[in-house]
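Peer 1: Quick mapping for you: the protein sequence lines, in order, are chains Y and X. For the first sequence, the residue numbers in numbering that gives the first Met the number 0 are 0 to 301. For the second sequence, the residue numbers in numbering that gives the first Met the number 0 are 0 to 449.
Quick caveat, the hints were computed from the structure, so don't treat them as lab data. None of the values given here were measured: they were computed from a predicted structure. Warning: the hint list may mix true and false statements.
[Stated by the list, open to error] Restricting the straight-line Cα-Cα distance to at most 30 Å, the calculated cross-link-like pairs of lysine-lysine (DSS-like) are:
(1) Lys128(Y) / Lys127(X)
(2) Lys435(X) / Lys137(Y)
(3) Lys212(Y) / Lys448(X)
(4) Lys128(Y) / Lys448(X)
(5) Lys89(Y) / Lys12(X)
(6) Lys129(Y) / Lys12(X)
(7) Lys90(Y) / Lys12(X)
(8) Lys448(X) / Lys89(Y)
(9) Lys72(X) / Lys209(Y)
(10) Lys435(X) / Lys129(Y)
(11) Lys435(X) / Lys113(Y)
(12) Lys209(Y) / Lys444(X)
[What the hints assert, rightly or not] With beta-carbon atoms standing in for the labels, derived distance ranges:
(13) Glu345(X) / Gly17(Y): 15 to 25 Å
(14) Thr133(Y) / Arg369(X): 24 to 34 Å
(15) Gly138(Y) / Ile230(X): 52 to 62 Å
(16) Ile234(X) / Gly67(Y): 44 to 54 Å
(17) Lys17(X) / Gly67(Y): 44 to 54 Å
Cβ coordinates follow ideal geometry from the N, Cα and C atoms, glycine included.
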Amino acid sequence: MNQKSANLRVNGVSKQFGSFTAVDNLSFEVSAGRIFGFLGPNGAGKTTTIRMIVGITIPDSGSVELFGDSVSPDIQDRIGYLPEERGLYKKMKIQDQLRYFAALKGIRQHEADKRIDYWLDRMNLSEWKKKKTTDLSKGMSQKLQFASTMLHDPDLIVLDEPFSGLDPVNVEFMKSVIAEVKSKEKTIIFSTHLMETAEKLCDDILLINKARKVISGSLREIKGSYGRNIASIRCTGGEEILEPGELVERVVEHADELEVFLRDGARGQELLERLVGAGALISKFEMVEASLNDIFIDAVNA
Amino acid sequence: MDKFLAVLRREYKKVVFKWAFVITTFLMPLIASLFVLVPMLIFSIEGDATRIAVADRNGLVETRVKQNLSPEKIAERAREAARESLKNVTATQSESIERSSKQIGGQFTFVDYDASGKSDEEIQNELKAMVAKKQIEAFLIVPDNISGKGVRFDFYSRKAGDFIVNSTIQDAINDAVRAQRLANANISEEKLKEINKGVSFSSIQLSETGESKGSDGGPVAAFVVAMLIYIVLAIYGQAIMSAIVEEKETRISEILFSSARPFELMMGKLVGVGLAGLTQLAIWISSLAAIVSVGAASAYMNEMQITIPEISILAVVYFFVFFILGYFIYATIYALIGSMVTSMQEGSQFAFPPIMLLLIGLYFCFAVVRDPNSTFAFWVSIAPFFAPIVMPVRILSELPPFWQIALAAVLNLITILGLTWAASRVYRVGMLMYGKRATIPEVWKWIRKV
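In isolation and in its complexed conformation, chain Y is listed as follows (with noise of 0.2 Å):
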């Protein structure tokens, strides 16, 4: 059952909580071998909805389809379940904890526990087996929340905002743990606001916003379609000449970097024209993608 590919299609579902609209007439599909990435802001709806495709609340209107057929227990126990409020007991012991989470998933004690001895030896938490949660810091406990979500080795995989509380280490290793996730064909669902992870890791993208969905597609698709009018700059002097103007629409200061927008119709050119004409200093002039980070601002203002 584990080798049918996995498939998630929700049809114009909304969820009103009193007479806030957490949720309202979205409609997406994910497919297998992919990891598609749910952005939006803190707020957007992004939990509700992730809460109904796994079946923890039921949507007012609309319906959430999974391996073609509608969530009910027995498709809960192909979902993995990552959730952005990390749950574990504090006084039970990981062995016994991570046995019981996938008892709840219908898999035995027996099967279990070899699933348990390869994932805590995946996420190097092996002697840390007859210890309590109490006793992991945070980014182990993260990891080990990571392996029980895995342990019943489901098609779909939820993760909301996965990273959080990890160090730059650990994210690069819990990355190419995806990533060898993705190659067996599975479906993973990615949920987070932070866009440059999302950049790195998606092939698809939804976004959404205040209940709403604001962009989808494949990240290519999304970035090839934005353009490429922004001037990554690194220079002294022509102060003047980045001031918005005919040519510049705004300026984003980085630390050591200034991101140049252009208006529509300009061409990156002209600008370095006019600053080389200024006697600018130039070290660095390189025409970019718009990152998903000013996708998403641009979206969520306009």
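Starting from the known structure of chain Y, arrange chain X on it as the hints suggest.
Peer 2: Just chain X now, with coordinates in the frame of chain Y:
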């Protein structure tokens, strides 16, 4: 079903494989047995006899006081007191201390002292000298005149703080003076003995069909049972609540809800913790039975007449039935509260109403023991929320007709179904609500919503 069992197994293990559980389970019977065994041990210790001199110039009461302090008399009084303390379990602290001192009694040997013709001062000086020479430990000065008001006996003792000796002597003097006064009123010694003979009072319980059976132990057993049910329901109700609040606080509920039906999760928890409670109760009940039979056996050896409460197998079965009903009623209420609140502190504020219900039930038991067949006893023993604690007490006091027991069980079963239905709805929504406590109108809305 597998998931339900997984939850059940975890909850059961979590409670039972804990030091606190092991300690309370085995310590309680130990402490309880100390309460039974220690007084018996103390009673069996023969302390040094108090040497005492009585200065009675006119020979008014000396003989009688000595008689009253004879070992036989003291033992008789002790038996009387022991019986009394078993009958009356609602005694105050001071009453029960007094009674146990009577049970313990004291031993006295009398040192002869001739006081005739000596003045008060001479007597005091001579006797104090004897105390100093360690010939006696205490002496009693009898006044010249024991009729009329304001008669005062002075008792001097090295051990003035020994309340056991003091109370024994006081009783002995009172009895002696009363007897002497009657004698002075020209009532002959024979007549006096007849008058003084106490009546023995023995209450015999009649069953519905008019058969008599021993009853002295009945009320005691009923109260012990009521207390046990109260304690276990309160402890395990709170345990349910804290388990639920933990899952909510740590956000585990989110993972649980994405794995199993909320109803399975809640019921697994209730049944698992309930089985742990039953385990503890079973251990307590069997050790209680052991203690009672050991206590009764040694009481028998001490020639005390204590009736062992007659508890039938059927009563034990009923007890467990009503305990289970009570457990589900109160555990569901606590589960509902647990899913409403956001922290344990908030939870303990809301834990007050169910505790009140339990306490009221406990107080109803007093009335029910006094008159198990009253209309009041009938109503409170079938009423939802109260029946689980009152009905077992009523059954132990006097077995009511079967239809009343069945009615109580059915009414409370219906209550459980209603509560579970409501609690599972509140649980489903409340467990995913973080940050703020649910208000009563909100909870009401969750319950009604389909």
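Peer 1: For each hint, tell me whether it holds in the structure or not.
Peer 2: Taking the hints in turn, this is what the structure says about them:
1. Lys128(Y) / Lys127(X): Violated, at roughly 78 Å.
2. Lys435(X) / Lys137(Y): Within the cut-off at roughly 25 Å; holds.
3. Lys212(Y) / Lys448(X): holds, 29 Å
4. Lys128(Y) / Lys448(X): Violated, because 43 Å separates the two Cα atoms, which is more than 30 Å.
5. Lys89(Y) / Lys12(X): holds, 15 Å
6. Lys129(Y) / Lys12(X): The hint holds at about 16 Å.
7. Lys90(Y) / Lys12(X): Status holds; Cα separation ~13 Å.
8. Lys448(X) / Lys89(Y): violated, 34 Å
9. Lys72(X) / Lys209(Y): violated, 92 Å
10. Lys435(X) / Lys129(Y): It is violated: about 35 Å lies between the C-alpha atoms, which goes past 30 Å.
11. Lys435(X) / Lys113(Y): violated, 41 Å
12. Lys209(Y) / Lys444(X): holds, 26 Å
13. Glu345(X) / Gly17(Y): 15 to 25 Å: The hint (15 to 25 Å, Cβ to Cβ) holds, given that Glu345(X) and Gly17(Y) are roughly 22 Å apart.
14. Thr133(Y) / Arg369(X): 24 to 34 Å: Since the Cβ atoms of Thr133(Y) and Arg369(X) sit about 52 Å apart, the hinted range of 24 to 34 Å is violated.
15. Gly138(Y) / Ile230(X): 52 to 62 Å: violated, 44 Å
16. Ile234(X) / Gly67(Y): 44 to 54 Å: Hint holds: Cβ distance 49 Å, inside 44 to 54 Å.
17. Lys17(X) / Gly67(Y): 44 to 54 Å: holds, 46 Å
Of the numbered hints stated above, those contradicted by the structure are hints 1, 4, 8, 9, 10, 11, 14, 15, listed in ascending order.
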